[in-house]
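When the sequence shown is numbered by the UniProt record's numbering, its final residue is 1068 and no position is left out of the sequence of numbers.
No lab work stands behind these hints: they were computed from the structure.
Here the structure is a predicted model, which means the values were calculated and not measured.
Please note that the accuracy of each hint is not assured.
[Claimed, not checked] Straight-line Cα separation of at most 20 angstroms, SDA-like style, residue types lysine to any residue; simulated pairs:
id: 1; residue 1: K547; residue 2: E678
id: 2; residue 1: K690; residue 2: K547
id: 3; residue 1: K102; residue 2: M504
id: 4; residue 1: K328; residue 2: K425
id: 5; residue 1: K987; residue 2: K1002
id: 6; residue 1: K102; residue 2: T171
id: 7; residue 1: K836; residue 2: Q824
id: 8; residue 1: K496; residue 2: E509
id: 9; residue 1: K588; residue 2: E509
id: 10; residue 1: K829; residue 2: E1005
id: 11; residue 1: K196; residue 2: Q796
id: 12; residue 1: K700; residue 2: Q669
id: 13; residue 1: K108; residue 2: E58
id: 14; residue 1: K110; residue 2: E133
id: 15; residue 1: K425; residue 2: K547
id: 16; residue 1: K263; residue 2: K721
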Amino acid sequence: MKFSFNIFLSFFRFKESKWMNIHVGDVIRLKKNDFIPADILLLSSSNPNSLCYVETAELDGETNLKFKMGLKVTDEKLQEESQLASFDALIECEEPNNRLDKFTGVMKWKDEFYPLDLDNMLLRGCKIRNTDECHGLVIFAGSDTKIMRNGGKTRFKRTKIDELMNYMVYTIFVLLFLVSAGLAIGNSFWYEEIGKRAWYLSDGLQQSASYRGFLSFWGYIIVLNTMVPISLYVSVEVIRLGQSKFINWDLQMYYPEKDTPAKARTTTLNEQLGQIEYIFTDKTGTLTQNIMAFKKCTIGGQIYGDSVGPLKNSRPVDFSWNKYADGKFQFFDHSLISHIQSKNDLEVFEFFKLLSLCHTVMVDQNDKDLVYQAASPDEGALVTAARNFGFVFLSRTQDTITVSEMGSVATYQMLALLDFNSDRKRMSIILRFPNGKIRLYCKGADTVIYERLHPSSQNKETTQTALETFANETLRTLCLCYKDISNEEYETWSKKHKAASISMSNREEALDEVSELIEKNLVLIGATAIEDKLQDGVPETIAKLAKADIKIWVLTGDKKETAENIGYSCDLLTDDMKIHYGDDVNVKLQNRQADNIGTDGRQGKAKEPFFPEPGKNALIITGGWLNEILYEKKKKRRRLRLRKLRKKTSSNNSMDGQLMNEMEKEQRQKDFVDMACECSAVICCRVTPKQKANVVSLVKKYKKAITLSIGDGANDVNMIKTADIGVGISGQEGMQAVMSSDYAFAQFRYLQRLLLVHGRWSYIRMCKFLRYFFFKNFAFTLVHFWYSFFSGYSAQIAYENWFITLYNVCYSSLPVLLVGLLDQDVSDKLSVRFPKLYLPGQKGLLFNYKNFFTSLFHGIFTSMIIFFIPYGAFLQTMGQDGEAPSDYQSFAVVTASSLIFIVNLQISLETSYWTFVNCFAVLGSIAIYFGIMFDIHSAGIHVIFTSAFTFTGVASNALRQPYLWLTIILTMAISLLPVICVEFLYKTIWPSEGDKIQRNKKKYEKEEEEVRKPTAFQRGRRSRRSAYAFSHSQGYADLIASGRSIRRKPVRKPIPESIREVPQAENI
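Based on the sequences and whatever the hints tell you, model everything.
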């Protein structure tokens, strides 16, 4: 940490101490810009009402400030050192855990109980901002803090090539031991038959043939150890690092509006980007912009906002009469503003009053301008809409909320705030009006609101029709309602609510149950419709990826109609597809299950496809239906009206929907995956974060496919971590997804370049590198094997020692590294233009065991040529001086020179994309070889290091013989000619897709690029039926209800317009 000292209270005085000396129960003083050293309960601060601002970038990557607040009682009574020293409260809280989004505790002090939650906590790793000083009580320290608990085990992602490469190395180890054992046996027989009779080979040691064979075995393990590619892993990491840098430096994946470049957050998965078969994507903020705009609404059965301005050349509503109006807000239906200004339509008044009161938005005033900080973009859009229509949220305190209603300021007493969570899918606020009346306002998803409406509530059918219309236009909807409450009813309910708020066990569930008691018999007011536009280039990207045979699944929390219409808008769904829903799928799965069960009760193998008819198919299912497939235990619906049936359900009813045995369960899951994978597109709507991860796991488990998940919010983190590749989009919902991802960028459209260009290039480069690396090692090492037949299997080496040392370091490493970094069969534009080029990676055609054994046999063949051609040339020859130069040292020089020429020319044949660097590497490697060889064979270095350099004068003597050069040339020709012929035949008779494109490269480069399709939504393409989008996320209810007023911030520099409404929580 940057700061290692903090001040804590000791003997009634604060003193400075190291973090390691801080213990649970210490009272700590923190100052502005201090890092928080432990998980601390905020007691008081220098700001009014114990408000404290923290930066949580170290926890979740978000740079916007968060609000934290101490309890009112501690803020009032714990300001002085003496008061802090006498603080004797009892804190009961949860066990240490890794949940950064939750804390449950109770403080007992002076016979009173006070609930504690995350809004009262300062977590380790955060930084104090805009607060001069604060005091806190240490709850967790050291390894018990939440950030340290999150530093546990993380699943290490490995590529398919990594796994294959490891198995191949194991194969090479086995091959090494078998070859060494064979040669050792050969040595034993040779010594028994020949060696011990040769007096000139006697070493004076009385050793048996078997013992000599044993020594020979370990000798060959050492001599042939270069067959095992020790340096392979280092070279692979260097290549991956370079490929990651190319992703980071790609300007075509840079988003200038937010100054956000692409970022490879790992260096170990690049080539796997070229093998993706399934993409799982979130919708909101990933396919769409997550920038919400209030477009339409329905109030009392009447729809407003039909005039879509720019398309009909109508003028937007003039809000100049409203001094608080947001200049960026636009609305084109003038009739709504007329109803408001007339002040005669009470339902319209209630509608916008609810929007201005029922929320958890924080407000600050900056240069007399209101700046809203909302928990989600949706909530910010709704409060801004109310603000422009004259219902302006001005401020809030611990128990009041103040709004301006058409110029008249009113203050309401806030009695309770029931915040949103993913189970409730709604939020409510209970207010006491200035005239003493108590009213509950509620907004939420239609699926939960309609269940809680009073039977006599009006306009339910017309509102439902309007919601269908909004859903067909891909608008995100919320239903608004209210309920008047008597004083007696509120007092009874309030006691239950207070008891639930201090419960230590299952507090959230207890609060939800109490909320159910009051949120019933509601009166419907209307519904809102918010637009979330597609990101630029989404349809084109999906079309390109589909042509690359990549299946795309959309996993979203939105409702079916909205998700389906977004599917049509982004070209994931097309008019020629047949859509299958949950009921259709159930029938097909049941039929398949019946077919699978054999007469012996065992599962049979399914052979027939689920969709035998020709044409494309798409699958649209909901999270509830998916639960039945995954066999997750359904959450109990807490419906008060069902509880009046007090009778216990019979055992027969409890077994209605009985789980199958494990074998049947797995078969049903497999059938579902098989069916879904037959479809061109799959949309799962109303799914939870856990369900998203489960869907990814199912595909990985049963299809053994390489998967990629992409999302932008905290609700996508599980999915991102589960997939083989996780991509985070830095959007409007913070940085949780980015911090959990392997790759990150700002727009979905960059995914096609990441996969079709960088992924494909990385895969091709890595495969080519590995094939060549294995080849050059086999060609180099197996020369020793052939030499052993002529050296009595004595583990003698065929090369000079220094050549063996420098071969992989200096003579053959740079050209292949550059191929792994720079090679490309076609340009980036052609890679995107022809997505079919991506298919070999998906099928693993470029590197597998077939390629491995091809490299092995190629290396064996090359090593035979390198050994036996010079051997034949040296067998009966005469030099220019009349002497036979057939000595071991000259032979070693010729074989080594032949090897260097062959491996460098071989990589030249493999190179598709030539640069100056490649030419320099190939020619430089050969030049370095000859330069070093002549140096270490010189007389001068022999004089200095007599025992280290024993090949004195060999190079100059051997290489001045013309026939030895002819031998090298002949060796090269016989070794490379078959390779050239095979390549020619393949490119001419059996060309790949890449070969065909390369052949017409110039033609394609001259052609104009394809015209891009417009990205605007195509609304109303076909009728969609009900189910309604829900757009909201958990807000600051606990913080607001904790008893503090939200103070005005200190004067600071103006906030740019573009970042004023900063969302601080993920959107479901």
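A quick look at each hint next to the structure:
no., hint, result
1, K547 - E678, "15 angstroms, holds"
2, K690 - K547, "30 angstroms, violated"
3, K102 - M504, "13 angstroms, holds"
4, K328 - K425, "29 angstroms, violated"
5, K987 - K1002, "18 angstroms, holds"
6, K102 - T171, "50 angstroms, violated"
7, K836 - Q824, "16 angstroms, holds"
8, K496 - E509, "13 angstroms, holds"
9, K588 - E509, "38 angstroms, violated"
10, K829 - E1005, "9 angstroms, holds"
11, K196 - Q796, "18 angstroms, holds"
12, K700 - Q669, "12 angstroms, holds"
13, K108 - E58, "32 angstroms, violated"
14, K110 - E133, "26 angstroms, violated"
15, K425 - K547, "38 angstroms, violated"
16, K263 - K721, "17 angstroms, holds"
Comparing the model with each numbered hint stated earlier shows that hints 2, 4, 6, 9, 13, 14, 15 do not hold.
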